[in-house]
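Novice: Given next are the chains, with one letter for each unit.
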Amino acid sequence: MMHALSKMLWSCGLWCGVGAALAADLPVGDYQLRPRSIAPQTWVIEGAVADFHRSNGCNIINTAFIATDEGVWVINTGPSQLYGQQQRAAIERVSPRAVLGVANLNLHPDYFFGNQAWGDRPVYALGGTQAGMLAEGKAYADNMYRLCGDWMKGTESTPARQTLVPSRFVLGGHQLEWIRLQGHTADDLVLLDRTTRVLFAGGLVFADRVPTLPHARLTEWMASLRTLQQWVDEGLVQTVVPSHGPVHQGRYGVDQTMDWLSWLHERLSTSASQGLDLSEVLRLPIPSRFSGWAALNAEYARSVTYLYPRYETAQFSR
Amino acid sequence: MQWPTIQSRFMGKAPSTVTSDVIVKGPEFAEDAMNVPILIDARALARRAGPIERIVVVADRNPIQHILDFEPMRSWPVLAFRFRMEQSSPVRALVRTQDGRWHVGQTWVNAAGGGCTVPGASRADGSWSRTLNQVQARVFKNLLEGGTRLRLRIMHPMDTGLVGGIPAFYIEQLELRDSLEQPVWRLHLHEPVSENPLLTLELGEQLQGPWHLLGRDNNGNRIDERLPT
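Top line first, the protein sequences correspond to chains A and B. Mapped onto the numbering used here, the consecutive letters of the first sequence carry residue numbers 859 to 1176. Mapped onto the numbering used here, the consecutive letters of the second sequence carry residue numbers 46 to 274.
Bear in mind the hints are in silico, worked out from the structure with no lab data behind them. This one's a predicted model, so the numbers in the text were calculated from it and none came from an experiment. There may be inaccurate statements among the hints.
Said to hold, decoys possible - Partner residues aside, some chain B positions facing chain A, computed with beta carbon under 10 Å:
id, residue
1, Pro82
2, Arg146
3, Trp147
4, Arg183
5, Gly191
6, Arg222
Just so you know, even glycine gets a beta-carbon here, dropped at the ideal spot from N, CA and C.
Generate the whole structure from the sequences, applying the supplied hints.
Specialist: Structure, rendered in structure tokens:
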């Protein structure tokens, strides 16, 4: 009796803290990746609309692939080696064709930490993205292991080896175009499928989730979003696959992202010109129209911490 | 448990009480371990227990626990600043009123850490030497009712001495004087205060500028700056 009780307490000590909050926690080791078709020969594997957390395996990214008779292209490889392996297996269940290439749309960890599983395939990123992965990969790995624990087992930062030069190409009847934009990071790669009118928007677009801004340049990002708005308005883009948040039609995510960025810019400029300290800005209320968005408090704190010092410094020289 | 050591080190055998009249605000999580923003407000304590002699700010689990001492003198007992954190820790303001009693306000900040043991940006790229001890300042009115807020930025690498090959190099003393050259407040900074310290103080409504800032770092470099009003 005593033995059974102590055993129960022991196992609870290990597990209760990890998973008690969310009923739908994944068992560690299985991401349960299920490709969903969103257009002809086009699939996404959707991540949780949330922040990095052990209960979701730190899988908050949407990866995607276009699988045609001529071969397959894969977009983003997820947060860990394990994700990359399970992504590869999931894609092979959908299509027996060869994977011609894998692309990482920017330098953030969940865009490329699954690259280890694609070691025998060409993995592409923009030049600036490759340099960023090399420079920051190790720090990302430290952080991801801290946040995600066992999900990361065996993962090592493995930057893209091939440099992608933006261009148009045809794959199994799809007219595709790689385009370089910027603002979320210094090099934001997007893939436009002119045939299906699907845009793989990478980190430039967030839907129902607060954008992450550790490498953001707000004015450039807003300029890129105006370009995307134009593509939607002209009918070039119908379906948007953001890296974080649900796949959607039209300007929904682009407009949400623009709303957040312009609101944040305004908040930071006003606060700095009033003389508020960082501590005070962190505690200002956030308008209710953002209250349903995932990761609201965490991303607000993160963004203000990294961006506000520049606004504060600028008001000294006025 | 570092708390008993901190008590005897900074407050000796004097009794202390924990009070909500000393507000210490930090972030829940230190997103940037090299710039953790802390705001201290002991006005409620001053109203209840009389004038404040000094405020000692410490982080229990930092390799250098002592962050700064603040003597509010004729300004308000309000101070905002940033510091470097090595790991998650309590952050405490130990406040001594003029009657000799100690009052403690505190908060807890979680951190991935490492902020004390990596060089700051201006040390890493060598640019610190071109701007050393340059002062920027600006005054804002009425952020707190009746307040005169002084925001101050002093260019200094504030090396902790915990990065290999870089000895401790930091601003030790700052004093603000009013138009009559009378001291308004004094600060004694220590190694954990962030690079290029950005300080926010409240000067109240009575005192008059133009303000005069005096100070020095631990290498004897002086700060002597007339601030714009």
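Novice: Hint by hint, say whether it matches the structure.
Specialist: Taking the hints in turn, this is what the structure says about them:
1. The interface hint given for Pro82 (chain B) is met, as the beta carbon of that residue sits about 4 Å from the closest beta carbon of chain A, less than 10 Å.
2. Checking Arg146 (chain B) against chain A by beta carbon gives a least distance of about 27 Å; that is not within 10 Å, so the hint is violated.
3. Among the interface hints, the one on Trp147 (chain B) is violated; its C-beta lies about 24 Å from the nearest C-beta in chain A, farther than the 10 Å criterion.
4. Here the hint on Arg183 (chain B) is kept, as its CB sits about 6 Å from the closest CB of chain A, short of 10 Å.
5. Violation of the interface hint for Gly191 (chain B) is found here, the shortest Cβ-Cβ separation to chain A being roughly 15 Å, above the 10 Å cut-off.
6. Taking 10 Å as the C-beta contact cut-off toward chain A, the hint placing Arg222 (chain B) at the interface is violated, the least distance being around 21 Å.
Hints 2, 3, 5 and 6 from the earlier list are contradicted by this structure; the remaining hints agree with it.
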